[in-house]
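2 protein chains.
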Amino acid sequence: MKNDFSASLKILAGEIDKVIAGSTFPRQVKPAYLGRAMTSYPANGGKRLRPVIMLWSAALAGGEVKKLLPAAAALEIFHNWTLVHDDIIDDDDTRRGKPTAHIQLAGEVKTSPERQKKFGSDMAILAGDLMQGWAFELIDQSDTSAEVKLKLAEELRHFGYIRLVSGEAVDVAMSYDSAENITEAELFAMQSGKTGALLHYAARAGWMMGRGYAAAWDEPEAAALGEFGEYLALAFQMRDDYLGIFGKFEEFGKPIGSDLAEGKATVLLIHALKNLPEAEKELLKSYLYRASYTATDLEQVRKIFTGAGSVKYLLDLIADKTTKAQKALAQLPDAAERSYLSELANYLINREK
Amino acid sequence: MKNDFSASLKILAGEIDKVIAGSTFPRQVKPAYLGRAMTSYPANGGKRLRPVIMLWSAALAGGEVKKLLPAAAALEIFHNWTLVHDDIIDDDDTRRGKPTAHIQLAGEVKTSPERQKKFGSDMAILAGDLMQGWAFELIDQSDTSAEVKLKLAEELRHFGYIRLVSGEAVDVAMSYDSAENITEAELFAMQSGKTGALLHYAARAGWMMGRGYAAAWDEPEAAALGEFGEYLALAFQMRDDYLGIFGKFEEFGKPIGSDLAEGKATVLLIHALKNLPEAEKELLKSYLYRASYTATDLEQVRKIFTGAGSVKYLLDLIADKTTKAQKALAQLPDAAERSYLSELANYLINREK
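For the protein sequence lines, the chains are A and B, in the order given.
Last residue of the first sequence: number 1054 in the numbering used here, and the count goes up by one each step with no gaps.
Last residue of the second sequence: number 1054 in the numbering used here, and the count goes up by one each step with no gaps.
It should be emphasised that the hints constitute simulated quantities derived from the structure, not laboratory data.
Heads up, some of the hints might be wrong.
As a list, the in silico PhoX-like pairs of lysine-lysine whose alpha-carbon atoms are at most 25 Å apart [as the list claims (entries may be wrong)]:
| id | chain 1 | residue 1 | chain 2 | residue 2 |
| --- | --- | --- | --- | --- |
| 1 | A | 1028 | A | 965 |
| 2 | B | 965 | A | 818 |
| 3 | B | 819 | A | 818 |
| 4 | A | 819 | B | 819 |
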């Protein structure tokens, strides 16, 4: 990130981090280690994309960003509790190079490894619960009107619970099904909830906060920003799926082929399974659910996806979503923050990692 | 429940149930079975004590109860999400005679029993999360001012998250420790959070809602109602501990002695372990963590607790908390709802089940 937007992102992320670090909410929690677990995810990294998008939108709407930092921090904490519970569900041991919350909390009790695991998971459920309370507490601490606070919370319940948590639940359910049984429309609906909803909220709520009245939620610029967030999320997610097969481990950071190992439904896989002739389809399926993949395996899989037209299909889709995201932005006032949003989108969609 | 209060309780509980059943929030959740799981706990029973206490307090403060039903329903939903997550943590299979949420949800996927269990637990985490959003959505639907809504949510974050969830977490941590290492003060602090906080909130928030302005939260009557709720909860919890040893299974509904089987820290156990001479203390400890208890075992344990003075100590404590709860009520206006609160307290503290 070496463009204009990255300097602004860095400054705002620093301000958000100060609000999070200064919040007294987690310090009131007992046992004290549970309060510390609540702060460990935001402390361990993350780019603060959601809160910064929110603040850029607020600035575009003429808002005073400084007054709105707690609401932006709230969004980061909301995002992070979903990660804490996701990591329990996915049984992941590390996030951002550090132990996940449930692994970290397991170490707080002296007992057998099995009971430690149960203890860590139970405590991490509670840490994620507490972070939900914390997120809404931060919304409340923004310097804005009561009606804007109520609207921020109301829409976060819609986008953050109904849409995002439903998306997560459908994702869990899909992981128990075969990719062959999942349609592209179902996949997009799930991703739009799991990733799109909170980016939609971030961009759109920012505009409302910047205006300073609840009705701004329905202004055309707010709707355009919501669209921007939603298209960006889909393009971002598709880029992720692309890099999961075509990326380089050194850059992407997670094992190439892990999507295949999980049999994860992606645009590539759904498209290929639908369009390949029977023999090649069976060949592709033979590469799913393997414990590991050699360079030759991956080369073969890439050939199959390319031959099926799935790669072109995916890249066209990414280009389409990107164009739509950028078009939505064109409806916003021509200001520095609009360029930042546009540059950030290009960065995210063209990333190698 | 055959007194005056029970008729009012029944009517109000019915009104609260209508609000819960009519709420569209869970119907927007996907998969549909997850939305249904969100409604199953309130649908399976429960006395609606917390919301009814809230509404009686509101009536005492001169409020129009009908307008405040959604906030009361919110409290029931908030209480119920804590049960959903508690049941995962405690690995309980049934609640109110029905399968717990995670057991029920496990049946929604066809796979091995082990993977079903994981699926059920993961989905129940998400159901409890969604219910948190739902609770605050219901607060928002009450017919009251923006400042009262914000105050209701703010105090629910304090009492329902910081105090209640901390109490739950400390309870989990205590269950990994020996009762000998736990002081009575630590036990009371935990119970005050786990049970006292939400009853405090129920009674006190009701008064504020009835008055119709946020500053009523700090009026002497509100503080007195908060005290009432807190003392009531402690007395209720101690009665539970008493019945756990001295109750009759046919009435109490859970196996007598199960507290001993878990080695659970209770006033009885902590007092006896502290005050018994070494030999009898060792005898008492030999009764902990057993798989089952004969009538003779229980008779023996009862004798030990009685001989140690622990039973008298517990009954005196219950009487003391009850007196304090009733004294707090005396500060409220002399109206029907004050009698209801008083009668309900007597009923709960003298119950056999």
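### Query
For which of the previously enumerated hints does the structure constitute a violation, in increasing order of number?
1
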